[in-house]
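2 protein chains.
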Amino acid sequence: MSWIVRESGFDPERIAHHGNKFMIGNGVLGYRGTLEEFGKSELTATIVAGLYDKVGDKWREPVNAPNGLATAVFWDGAPLSVLKAVDPADAGARGKAGEGDARGDASPELVAHEQALDLRRAVHRRRSVFRTADGAEVAITSERFCSAVRPELIVSRIAVESSREGEFTIVTGIDGDVWDINGPHLERIESGTDAAGEVLSLTAWTQELGIPVTVAEAAEVRGGGEHQLLREDLSVRRRIQMRCRAGEPVEFVKYVAVWTGQDGAPARDVRTASAQSAREARQLGYDRLLQEHADRWERKWETSDMTVEGDEEAQLALRYSMYQLHIIAPDRSERVSIPARGLSGQVYKGAVFWDTEMFMLPFFLHTAPEVARNLMMYRVHTLDGAKRKAAEYGYDGAFYAWESQETGDDACTLFNVNDVFTGRPMRTYFRDKQVHISADVAYGIWQYYAFTGDESLLLDGGAEVAWECAKFFYSYGYFNPRKQRYEILDVTGPDEYHERVNNNAFTNRMVKECLRVALDAMEILRSRNPERYEALLAESAVSPEQIRDMHDRLYVPQPDAKDGLIEQFDRYYTLEDVSLPDLKGRMLHPHEYLGGGNGPATTTQILKQADVVLMLHLFKGDYAPSVKQANWAYYEPRTEHGSSLSACIYALVAADTGSPDWGYPYFMRTATIDLTGESKQYVGDLYIGGTHPAANGGAWMAAIQGFAGLRYDGNQAELRPALPSAWQAIEFPVCLRGGSYRIRVSRGEVVIKASGENSTAMRFSVRDQELAVAPGQEVRVPYEAAGSLDGQLGSARPSGVKH
Amino acid sequence: MSWIVRESGFDPERIAHHGNKFMIGNGVLGYRGTLEEFGKSELTATIVAGLYDKVGDKWREPVNAPNGLATAVFWDGAPLSVLKAVDPADAGARGKAGEGDARGDASPELVAHEQALDLRRAVHRRRSVFRTADGAEVAITSERFCSAVRPELIVSRIAVESSREGEFTIVTGIDGDVWDINGPHLERIESGTDAAGEVLSLTAWTQELGIPVTVAEAAEVRGGGEHQLLREDLSVRRRIQMRCRAGEPVEFVKYVAVWTGQDGAPARDVRTASAQSAREARQLGYDRLLQEHADRWERKWETSDMTVEGDEEAQLALRYSMYQLHIIAPDRSERVSIPARGLSGQVYKGAVFWDTEMFMLPFFLHTAPEVARNLMMYRVHTLDGAKRKAAEYGYDGAFYAWESQETGDDACTLFNVNDVFTGRPMRTYFRDKQVHISADVAYGIWQYYAFTGDESLLLDGGAEVAWECAKFFYSYGYFNPRKQRYEILDVTGPDEYHERVNNNAFTNRMVKECLRVALDAMEILRSRNPERYEALLAESAVSPEQIRDMHDRLYVPQPDAKDGLIEQFDRYYTLEDVSLPDLKGRMLHPHEYLGGGNGPATTTQILKQADVVLMLHLFKGDYAPSVKQANWAYYEPRTEHGSSLSACIYALVAADTGSPDWGYPYFMRTATIDLTGESKQYVGDLYIGGTHPAANGGAWMAAIQGFAGLRYDGNQAELRPALPSAWQAIEFPVCLRGGSYRIRVSRGEVVIKASGENSTAMRFSVRDQELAVAPGQEVRVPYEAAGSLDGQLGSARPSGVKH
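Quick mapping for you: the protein sequence lines, in order, are chains V and G. Sequence positions in the first sequence follow full-length UniProt numbering and run 1 to 803. Sequence positions in the second sequence follow full-length UniProt numbering and run 1 to 803.
The shape of chain V in the complex, shown without the other chains (with noise of 0.2 Å):
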């Protein structure tokens, strides 16, 4: 039941909303979640990881591949399709539908309508029955699935099934009329068979770096037919007319490949393989091709998934959130990273943000540290770009791209709202003054090495970047002689509604925590690989010594000595202190942007986000319990969750400071955030719609880290249970260091089980019970159950989190 998401009934204002909640994917291609009837009004796209393009001066963004599921089907001349069923006026203009005539009132109804994914199998279902003219009863079902095996495929398998006989026609092929933002991307699109005529393929090439991507589809048709092959500017497809019987199915299914020259192939051979794949696969035929998918996938849970006792809501989100992660992980490729709206289409120039190390990593981490691994190798691999920026902007070292896409030259423009009330471009300091991120890398990078003691990450580029993210630091920073310490200053935070600000904490606490990384995988790679060492000393106007000068005196703002509070950045005390429903009173435009030059927020108090509680969940240990609470109660009504990386957070440092009833709305806000569509779409007149990769792994961080409270520094895992009080219990397997445990928190009860594979003993404390865990053990803990401590956040509610 809790492994599958459902929708009933067709409601066209939520095609784009479905579009994301039932997106299939296999990490090199993601499908979004729309209808085989459905075209490039209704946002379908088959998105290839990696592959991005840019048409004149627009920006660049993902190509969306011709759709190679694109599919028609009629009943006696008369379109099966939901969208005809809405509004016959809307259905001419949609156009690429079929042939079919547009009856008016003799069109089809639909009488049922239900899309599905099974989260456990990722396989997407759809079932719409349609009332004929007639009077017969026609039920279309799909199911799909994006090969977690082979990562250039999609399957579908479609099957009519009337209550009375008839004649019906499907139109399939390959549409190359796709949706695009900034497009169109493909250009020369040549279509064809293959020589025996049973694989279509078409193939186009991005305009701006002329790669060629070719889709192949084959297909197998159950119970024959007359075909007939269509031919036009944009698309191949096949015509296949049929007769079924009553009460009968007839099924088609469609193997189609999509290759791209991505790795430098030739078209020809691009061609090839794709045909030769999509022939392949028929032979294999759809029930192997699932088994193997579906086999795939239960590895991906065992290690993965959770249960949580007593909440079936939480517990589909929470599977739902993973499954979101897994469909997109890189799992065979480091030059690829995860983008901020996953593979979900062209919204974010599907552009990698510091979301992957901040807020998708962890679930890596513990779950499928290959996956980690070849997240943070992207880093390496897009190291030169980095220094290209830091080049840019007359600075030493790397500095990350705030958009980073398939080279690490910064994708983010200048101006990326544009002004609602006079509709020109406004400039925002994401590209130029977030220069966290660099600092958020060196962090992920270390916590690769901390999680799995693997240095080959460090010693594969890993140390390197880390060097050069400090180097970049070195040079942004400046000394304050009068203070006698270093500053960072003119920074953009987390908060981006507060831009250009001096001594962010959360920024300066990062970079603090680089240089330190940096001097350390220097270490390590010192004693592995002295020569790779001296070599990049040598080429460094900066020397460690100078590094270390800078670490230990940078200037990182400390909680006050009275109310424990920590200011976000120098004179944010001096903003106006508004509410937050005040401040949203005064904006005159629904789309209106808080930040930017004039943004209403800008001059007050309100963040946008997890700032300065960001900084107490990443570093938990350095701080006091009541400096956290302190912190939570003081920022969290000043936080407009503008972002979908705010909320979990705040979920996260309730749980860590034993009020897990606090934390669990904004849980729950971030674990339901692709299933019920309730996230901002637009800034300023800018779309920004699609999946939340960022707050599925949030939702993971704040079950697992939060509420079961396990916290793991390469040394000794310690578990701080704060569970939510609906939750009896939870349970889920983790891997640390390379050892595979099963962890079961309940009320008053921790279990932990070794598997018998463990190599070596895990040393656990629970609660500050200290005990090791040898390879095949399983050990009971009890502890006192928390929950006494809730309400401790003091007058801070959870205001204006939606549940």
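There may be inaccurate statements among the hints.
[Unchecked claim] Derived pair list, reagent style SDA-like, types lysine to any residue, alpha-carbon separation capped at 20 Å:
| hint | chain 1 | residue 1 | chain 2 | residue 2 |
| --- | --- | --- | --- | --- |
| 1 | V | Lys40 | V | His18 |
| 2 | V | Lys584 | G | Arg245 |
| 3 | G | Lys584 | G | Glu392 |
| 4 | V | Lys433 | G | Thr602 |
| 5 | V | Lys620 | V | Asp563 |
| 6 | V | Lys483 | G | Pro184 |
| 7 | G | Lys753 | G | Thr307 |
| 8 | V | Lys483 | G | Tyr395 |
| 9 | G | Lys483 | V | Ser543 |
| 10 | G | Lys584 | V | Lys40 |
| 11 | G | Lys433 | V | Glu576 |
| 12 | V | Lys433 | G | Gly423 |
| 13 | G | Lys40 | G | Pro184 |
| 14 | V | Lys562 | V | Ala633 |
| 15 | G | Lys680 | G | His589 |
| 16 | G | Lys58 | V | Glu576 |
| 17 | V | Lys620 | V | Gly642 |
| 18 | G | Lys483 | V | Ala633 |
| 19 | V | Lys483 | G | Ser540 |
| 20 | V | Lys584 | G | Lys584 |
| 21 | G | Lys433 | V | Thr574 |
| 22 | V | Lys433 | G | Asn480 |
| 23 | G | Lys433 | V | Ser543 |
| 24 | V | Lys483 | G | Asn418 |
| 25 | G | Lys483 | V | Ser475 |
| 26 | G | Lys483 | V | Ser540 |
| 27 | G | Lys483 | V | Glu487 |
Treat the hints as calculated values from the structure; they're not laboratory data. For clarity, every value in this text was computed on a predicted model and none was experimentally measured.
Fit chain G to the given chain V structure using the hints.
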């Protein structure tokens, strides 16, 4: 002829402009050039230097004292008012004009009208001729002046003459219902007469500080008549009915004294003094008062008036510019300085800006050093305010107010302009980031010392001011560890369209000068007053050695080795290089502010006003002519001249580089700004009209320091003449180190005449010919006339400058 400024005819649209243009004043009082029958709607104002008030949470601004010249004249019951002739519908609304009925068509018709200023004697004249319903021609003439001898006194003589015998009524007295921007500033109005009933007086108190203000009026009527006292809530007036004979003028004179309790005097004393003053004035009589006033003005002109041969228009404009400076010069007090809009009203909060040091001080240094000393002593007296401001922002030393009033606390708010699109206040960075103000103050102090050789200013607090400013910059500055230099970050330079920039060339150069001045001034203090010197060091966290280190290693952007250009600030060249017309074409609202958070200029290279070029003027000795030419040619087309401080600087540097004809239109634009009224009247929705003393000073600078080419560094005087084509010669007096000289620069010859009263000889250099001019000596120096150099500014054209 070229002593009179005159306007004929009456245009209601020009009431505000004429109020500025025809102002009179004496440095203590400023009286706008309005007509006797005008009231608050016509922006009548009597501004008292240094008297400020704040109402509620609106900004502080000067107090407009009750109007002692309010006078209405009626012929046969019908008002003789220019306003009546305009629009009878309006007249009723204006209300205060008098008691007569608005008679519609029966109102007297205005047949002739003229308003004039006699610059030589600083007397305002007015003549209006009305034709009455019964066919009489009635002329009203008036003459008024603010006594240059008695600072509290305004004297006005009004004559009425009719072509036919008839009866007229004068209603005249003191009107307390005054124009205010953020008022009302005066409360608790009390009015009365002296025991003899001869002196009217009206007393009121400022709201914030409760300072009493009394206006007393003694009147003298030649021709007798029936008097009646009218006391209303906000005014006290006399009603005088008289008969006059055809062709026989009837005259009355008003002696108005304005006293305040600014010095702490109680209301009783203020009242007594003002009545006494009015009475004494009446005893002395109009002619004697005018004579002593005119005599005093004759002496002002002796030390300042220049003659320009061959250019009547420039001659008048220059005299007018000097007139404007003289009427607002604080020649009696070192507690006030000159506000940016002089004493012309409440605009810009009556605040003193850097305008004084940079654009007005040179005039006074050369012509009235005692006024220059007062201006700089004002900064000494407001040091505490500057220290409070520095402390407010967490800095050491003195951060002078961007908008300084009587205490030196900053009257500038963080929100200075309203966004025309949203109506919201816009955060601007004048107050907190225009740090060059402290360097400007130190620069002015040193200029006074260098010009006069008078150490007293330094010993009386000037050295301390410079030292505190240097301390401020030491705490504001940062050391760049990688580049091993100090930098000045996050500032707004003169070009206010680019806020929060790093290493603004002008600012950094000024800071360097400030540090030098502080070190040199402190050395003088050490030698003259070692105790004070030691005391200052004892309370300072910074040593002279540290200031020296910052001075020596402070980064000042230098001319590019190839093209000689100096970048205005870090990364200025990366901004969009749009043309000024193109930028203006992007404006969506005529009053749209080009700067601020999202202003159209902020992301482009368009600058508000001379910035790099101002630096090249101030430090002209440090830069090669080719550098000046290159930067003039680069920056001028990119300058919007959105400030009245801009054009004169381009005139000066054009003259300096041997291109006076390029500079001439900029000079004329500056010199005529208050004559034509063609200046920016709105920024956003903020009214900024008034007089422009900085431009008045800039016009003088362009003529004397530019075209005549006079430079004096405290050691040797230099002349580098570069006369515009139209000019045959310019002749002017100048005071250098206490010696008086008369200099005549004609084409090919310079004549220098030293006063016989000078105590020593002065070294001059004329186009590199060195000579000494002994007391009483007249020296004629031929030189090779320039003009051939003209056109060296290359492809630049004096774009966008009206003449």
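So, going through the hints one by one against the coordinates:
{"no.": "1", "hint": "V:Lys40 with V:His18", "verdict": "holds, 15 Å"}
{"no.": "2", "hint": "V:Lys584 with G:Arg245", "verdict": "violated, 73 Å"}
{"no.": "3", "hint": "G:Lys584 with G:Glu392", "verdict": "violated, 38 Å"}
{"no.": "4", "hint": "V:Lys433 with G:Thr602", "verdict": "holds, 17 Å"}
{"no.": "5", "hint": "V:Lys620 with V:Asp563", "verdict": "holds, 18 Å"}
{"no.": "6", "hint": "V:Lys483 with G:Pro184", "verdict": "violated, 46 Å"}
{"no.": "7", "hint": "G:Lys753 with G:Thr307", "verdict": "holds, 15 Å"}
{"no.": "8", "hint": "V:Lys483 with G:Tyr395", "verdict": "holds, 11 Å"}
{"no.": "9", "hint": "G:Lys483 with V:Ser543", "verdict": "holds, 14 Å"}
{"no.": "10", "hint": "G:Lys584 with V:Lys40", "verdict": "violated, 40 Å"}
{"no.": "11", "hint": "G:Lys433 with V:Glu576", "verdict": "holds, 19 Å"}
{"no.": "12", "hint": "V:Lys433 with G:Gly423", "verdict": "violated, 29 Å"}
{"no.": "13", "hint": "G:Lys40 with G:Pro184", "verdict": "holds, 12 Å"}
{"no.": "14", "hint": "V:Lys562 with V:Ala633", "verdict": "holds, 15 Å"}
{"no.": "15", "hint": "G:Lys680 with G:His589", "verdict": "holds, 14 Å"}
{"no.": "16", "hint": "G:Lys58 with V:Glu576", "verdict": "holds, 17 Å"}
{"no.": "17", "hint": "V:Lys620 with V:Gly642", "verdict": "violated, 24 Å"}
{"no.": "18", "hint": "G:Lys483 with V:Ala633", "verdict": "violated, 42 Å"}
{"no.": "19", "hint": "V:Lys483 with G:Ser540", "verdict": "holds, 14 Å"}
{"no.": "20", "hint": "V:Lys584 with G:Lys584", "verdict": "violated, 33 Å"}
{"no.": "21", "hint": "G:Lys433 with V:Thr574", "verdict": "holds, 16 Å"}
{"no.": "22", "hint": "V:Lys433 with G:Asn480", "verdict": "holds, 18 Å"}
{"no.": "23", "hint": "G:Lys433 with V:Ser543", "verdict": "violated, 34 Å"}
{"no.": "24", "hint": "V:Lys483 with G:Asn418", "verdict": "violated, 37 Å"}
{"no.": "25", "hint": "G:Lys483 with V:Ser475", "verdict": "holds, 8 Å"}
{"no.": "26", "hint": "G:Lys483 with V:Ser540", "verdict": "holds, 14 Å"}
{"no.": "27", "hint": "G:Lys483 with V:Glu487", "verdict": "holds, 15 Å"}
Checked against the numbered hints given earlier, the structure breaks hints 2, 3, 6, 10, 12, 17, 18, 20, 23, 24 and satisfies all the rest.
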